[in-house]
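Q: So the protein lines, in turn, are chains A and B. Start counting the first sequence at 22; every next residue gets the next number (my numbering). Start counting the second sequence at 22; every next residue gets the next number (my numbering).
Calculated from the structure, these hints are not laboratory results. These numbers were taken from a predicted model, which means no experiment stands behind them. There could be a bad hint or two in this list.
Identical chains blur together in the list; that is why a pair holds if it fits in one copy or across any two.
Unchecked claim - Below, in silico cross-link-like pairs of lysine to any residue (SDA-like), each with a Cα-Cα straight-line distance of 20 Å or less: (1) 61 - 197; (2) 315 - 267; (3) 315 - 303; (4) 210 - 270; (5) 210 - 312; (6) 47 - 25; (7) 210 - 92; (8) 61 - 203; (9) 210 - 103.
There are 2 protein chains.
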Amino acid sequence: MADWSGPFIAVDWGTTNRRAYLLDAKGVAGDVFEDDLGVKAVASGGFERAVQDIAARLGELPMLLAGMIGSDHGWRQVGYLPCPADLDDLIDAIAWVEGRRIGIVPGLSVVQGTRGDVMRGEEVQLFGLARLAGGDRARQTVCHPGTHTKWAWLEAGRVTDFRTAMTGEVYSLLREHSVLASVLGHEVKADEHFLAGVATTFAGAVLTAELFSVRARVLLSLMEAREASSFASGLLIGCDLRAGLAGAGEDPIVVLGRPELTRLFAAALEHCGRESRQVDGADAFVAGMHAIRKAIA
Amino acid sequence: MADWSGPFIAVDWGTTNRRAYLLDAKGVAGDVFEDDLGVKAVASGGFERAVQDIAARLGELPMLLAGMIGSDHGWRQVGYLPCPADLDDLIDAIAWVEGRRIGIVPGLSVVQGTRGDVMRGEEVQLFGLARLAGGDRARQTVCHPGTHTKWAWLEAGRVTDFRTAMTGEVYSLLREHSVLASVLGHEVKADEHFLAGVATTFAGAVLTAELFSVRARVLLSLMEAREASSFASGLLIGCDLRAGLAGAGEDPIVVLGRPELTRLFAAALEHCGRESRQVDGADAFVAGMHAIRKAIA
Chain A
22 MADWSGPFIA VDWGTTNRRA YLLDAKGVAG DVFEDDLGVK AVASGGFERA
72 VQDIAARLGE LPMLLAGMIG SDHGWRQVGY LPCPADLDDL IDAIAWVEGR
122 RIGIVPGLSV VQGTRGDVMR GEEVQLFGLA RLAGGDRARQ TVCHPGTHTK
172 WAWLEAGRVT DFRTAMTGEV YSLLREHSVL ASVLGHEVKA DEHFLAGVAT
222 TFAGAVLTAE LFSVRARVLL SLMEAREASS FASGLLIGCD LRAGLAGAGE
272 DPIVVLGRPE LTRLFAAALE HCGRESRQVD GADAFVAGMH AIRKAIA
Chain B
22 MADWSGPFIA VDWGTTNRRA YLLDAKGVAG DVFEDDLGVK AVASGGFERA
72 VQDIAARLGE LPMLLAGMIG SDHGWRQVGY LPCPADLDDL IDAIAWVEGR
122 RIGIVPGLSV VQGTRGDVMR GEEVQLFGLA RLAGGDRARQ TVCHPGTHTK
172 WAWLEAGRVT DFRTAMTGEV YSLLREHSVL ASVLGHEVKA DEHFLAGVAT
222 TFAGAVLTAE LFSVRARVLL SLMEAREASS FASGLLIGCD LRAGLAGAGE
272 DPIVVLGRPE LTRLFAAALE HCGRESRQVD GADAFVAGMH AIRKAIA
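Given only the sequences and the hints, what does the whole structure look like? Please build it.
A: Structure (structure tokens):
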């Protein structure tokens, strides 16, 4: 039987990278490491060794894994827990490996009529956010920007609903493989061009038409190439906000995630007249894993 | 001085392939060939030989080239002719090589305020369509579906305006490089799933959110994988129609291009209650090149 009363390891294991934390009852015990051994970089059959590698670095301790490690491309496939769901539901659905020494946290799913959605990894941050914010609040809208942005609704500590926009992935596809590749090499900033992109989307522009126009504007000298990345990002984040705000009330939005992304989304929200509060996703992840440990100890 | 009174060669030279026609005063003189020597497949400095190769196959004749061959990735960069433009304007802007033996047709551009758009290759089909349809008509909306769908407006033989939606390219990016790759391998058909995708877009769905949901629906068994390609294509073609119909009147739309694509777009238009007429793009290209030859002979 594993001992969950002391220090443990928590891993946010995504598609392209993983981040592992050594945690104890007081918080982060010091060691954190991040590398590019996301599930895409681990060969089938190589996960046992990839897990042992973490223990070799941080200690032979109990371990909680979240994210794509529990998907059909990961180590062990752990199902999706249907929403609404709270932290107790999540803990009940943890898949245990080696007795109770390693736990793999499930993802969440939502079905509404013919619409369906799934998440993996963000659920730990969402439940952690509820703890950071002092627990049970009225309905709250959370935006978690990223490769697949998640807009989630929390109510009294439960995730009641969520929806995804593949904002970051579409931007990467355009920058790496599309006719826009040559004009999307610049850094995205929350500048006037970014906000013009957001405004263009909210004015009713059609994304696939407006994106092509970015290249045409540069070709015709209507836009500088260095402005194109921020404008195109503004178009995509504008769509993201349109998808999320359709389900949001008037309350301030919590923007949860990596600070370089939450800044962009907060600027876009402000441009739409919406208040927001940024929370670092790493803090929320640690808080969520602590809450899980406390419940299973 | 080249003799433009007899047979000549017309080439539709795109990014990924080229199609060359041997034409005479009566029409297509017989030989047509298509290969994958699009401008992307020809090394810089290799265009002279790629052009000679056509003459070796079809004869040492005068030649008209249209499409990406005139772009900065092609043989000789030929500018964009600003709209509104008619066939005479296009002919005046042809770039001549080897005296007047080889002509490269320019593309078209449009600027409206800060919006800009460009096309290369479709302009020959558009002017050809005007000839096929019996010449000068009132305002007509033309949809040319493809990698970059062009919606164009013709008035009395002039192209007055156009806009692009990067429908085909976004679909290819998703099928080849995205998280949806595993569910987009099936043939797209104008079936109920395709029409459901079109309807979902017209009901106000946000593209980047609805696309992710396609994968989630398959994961959650709300949709069969074999239905996903047609549904996702319907979402994208729905966006395409939203962009184009915003500038269209109530008249029937001419859908011009490859028959396998015009069929899909005609079905989507019908689902939106819009009449359309399909015209084969190859016929329009030949008609356009004939009209150019006649004017320069």
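Q: Against this structure, judge whether each hint is valid.
A: Cross-check of the supplied hints:
no.: 1; hint: 61 - 197; in the structure: both (18 Å within a copy, 16 Å between copies)
no.: 2; hint: 315 - 267; in the structure: neither (36 Å within a copy, 57 Å between copies)
no.: 3; hint: 315 - 303; in the structure: within (18 Å within a copy, 70 Å between copies)
no.: 4; hint: 210 - 270; in the structure: neither (28 Å within a copy, 39 Å between copies)
no.: 5; hint: 210 - 312; in the structure: neither (35 Å within a copy, 49 Å between copies)
no.: 6; hint: 47 - 25; in the structure: within (14 Å within a copy, 87 Å between copies)
no.: 7; hint: 210 - 92; in the structure: neither (33 Å within a copy, 31 Å between copies)
no.: 8; hint: 61 - 203; in the structure: between (27 Å within a copy, 15 Å between copies)
no.: 9; hint: 210 - 103; in the structure: neither (37 Å within a copy, 32 Å between copies)
Violation of the numbered hints given earlier is confined to hints 2, 4, 5, 7, 9; the remaining hints are satisfied by the structure.
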